[in-house]
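Heads up: the protein sequence lines correspond to chains A and B, in order.
Here our numbering is used: the first residue of the first sequence is 1, the next is one more, and so on.
Here our numbering is used: the first residue of the second sequence is 1, the next is one more, and so on.
Possibly wrong hints are sitting among the right ones.
[Claimed, not checked] Output of the computed footprint for chain B on chain A, the stretches with three or more beta carbons under 8 Å from beta carbons of chain B:
id, segment
1, 67-77
2, 180-192
3, 327-337
4, 347-361
These are computed hints drawn from the structure, not numbers from a lab.
No residue lacks a Cβ here, since even glycine has one placed at the ideal position from N, Cα and C.
What follows is each chain in one-letter form.
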Amino acid sequence: MTYKTTSSLTFSILLLGSGSALAQTELMLWHMEQPPHRVERVQELLDAFNAAHPDIVVKQEPQNWGEIYAKAPAALAAGNGPDLLFAIPDFAPILKEIGAVQDVGAFVGTLDAKHDLLDSAVGSYSYDNGVWAVPLYNMAMSLWYHKGAFEAAGLAAPKTWSEWQAATEKLTTDGKYGIGLPASKGLYTDQVVYNFMVNNGASELYNADGTFAFDNPKTAESYAMAAALQKFSPPDSAGWFWGDAEACFASGTCASILQFTTITTYETQGGGDAANLGVAPIPHADGESQHNTIAYANAVMLLSDDPAKRVAFETFISWLLEPANYGRFLNMEPGLFLPVTADGAKADSFWNDPLVQKYKPQIETMIANSANGMLFGFTNGRTFPSIAPISGQNVLSEVLQAVVIDGVDPAAAVTDGQARMQDIAQ
Amino acid sequence: MIKRGFLRPRSKKAADPGVGGNGLRRRGLSERKLALLFVTPALGLLALTLLWPLILAVDLSLRDVRFIGKPGAFVGLENYSDVLSEARFWQSGLRSLIWVAGNAVVQTALALAAALVLHQSFPGVQIARIWVLLTWIVPTVVVVIIWRWLLSNSGGMINPLLMQLGLLEAPVGFFSSRQSAMTTLILINSWRWFPFVTLMILAALTRIPGDLDEAARMDGAGAWQRFRRITWPLLQPTLSVLLVVGTLLSFNVFDIIWLTTAGGPSGGTQTLPVLIYETAFKGYELSRAAAISVLTGLLLMGFAIAASRSMTREEGA
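Throw the hints in and build the complete structure from the sequences for me.
As structure tokens, this is what we get:
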């Protein structure tokens, strides 16, 4: 090979190299899974993806749920926003309203055909003739209970409200509480309250025309039941957030709680006896027949209208939802994040985690419960922009506080709650 | 306060026409212009970091902006009239006053007691002076975690302790009613901030001449009389400054309230800063939140002006 040929070849290789580097599409991912072990797991997955896809590079910037509601719109307005952003359903409408979110309906359809996505998860992001995010993982509440405490009292996991009330009353003895129910002003209380509503046929906040459907006898009954059970909760439960309920359960002070999961806390602080950890569907009202629950489908939004970034986004998410990778993604927090795909629910990569294996029966029950998941403001395709501030201002828990703390009659509190929703919506 | 003629040369060197104010004055700069020249960079920085955001906040309060990054139409004073006609604004304002007054009383009492003790000579006083500052050094998040855990019904120490002392018959929820939540929060915040006030009072105590106390002692004055007639009057200037600074600081406290109760239960600890945050970032009503901020700012500015005038008058008298 002559010097000239060698030089030309080298130059061509360099040119090709630089050409491919120039063609590399960069995606910036913002997510709110801040604990270091979750960030580390996400990075492992990104490294694997980036290595397998030299034309795409995905980078992560962990964010804080407390700040993202203000930070993301500001960053997008300043032109420094991410390309991909994790979301929960009530966050998506805010970004959609400022015109930042891309419709991913066609892509979700393709994924659904391949992996069979959970309908309720897709439903939470389907409105205004589009699908605004790709569901990635699910969180659904269940009734967690100490089997030993229930058995010692001659009780089984309650199925109906009357059984539930009798059980909590019986289990509330000296320094022990039958149930730990929050009555604070916060998202946890919103979620717990909605569990009562969906199990009493009061799941809708809106009518089809956008007017409110909150003020009805079923909702008032749900609040009355929540307040009745709250009496069997520790006195400080009116100021509880998620961690307080888990601490109460892990310490054995509370015989049962409503929670997305208690597995990690129970394992590290509650003794870790898997045989004693009970999980059951949330009891329904006596007149109802189906156990429902609140479910949060976490998802990822595409915020860039660049066609190359859309292709890269679809490549990345398709790769992530492959059963071989998906389980590793879900197990960044074992026992909390549930699959939203049918093949993901069977994936070895999911079930092979040691903690998942240890609590396999509990996780199977969690997955089964999540099938009947609903989320306030995101049911039946009736999603209206006012749900974001209604959720943000925790109106559902404000109503419970009026009943529990101020002693307002549930029906009157619900009427006031609807008035507050109308005020916010205006 | 800048006194006229403060730049007058006091030494021969300073009187040198080539050096200092006179030299510059000869080049056409009056004393006033010179002073202005010196403060201009600081004023510029203040304008950039304080005045400009204030102007933007006022502008925002006159528009209808709900989210960051979304334009809003000019609505004039509509946000102000909405806010002023809203019961939540007045209730939060009242809670802010209770919060400020509660903190002022508890912090001053704790700090005065601690400062008087630490002003004495006893073995280990130096360590005690450092030790008392620890609660002030601890980050707010840690303070909140510690106190929420101590007050919890699941493993917390306070309830069992009070029950053992016979002060409680059964465990209570410290954040379960409006009154108890506000009281508990005031105590936690005072616990956190009283070391700062202690430090200020301790510094003031060290400036009180010892011979005054000694003379009173020789005249037969008791401890209480010496405190009432000497220490207390001489602490007044420091306490007045602390009242103004403490009020402004306490009024604007957001983190400890938000992290502990998030304004609950049932709005019982929703002070104005909490209301502003909720309105802006939970209710997505940026303009309305800006209007509340402007009104709150005016209220605090009015208080600061009135307090500093009152102090100036006292100094004059």
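Hints and how they fare:
Taking a C-beta to C-beta cut-off of 8 Å, the segment 67-77 of chain A contributes 6 residues in contact with chain B, enough for the three needed, and the coverage statement holds. Judged by the Cβ-Cβ criterion of 8 Å, the segment 180-192 of chain A is covered by chain B as claimed, because 4 of its residues qualify and three suffice. Here's how the segment 327-337 of chain A fares: 0 of its residues keep a CB closer than 8 Å to some CB of chain B, so the rule of at least three is not met and the hint is violated. Given a C-beta distance limit of less than 8 Å, the hint that chain B covers the segment 347-361 of chain A is violated, as 0 residues qualify and 3 are needed.
Checked against the numbered hints given earlier, the structure breaks hints 3 and 4 and satisfies all the rest.
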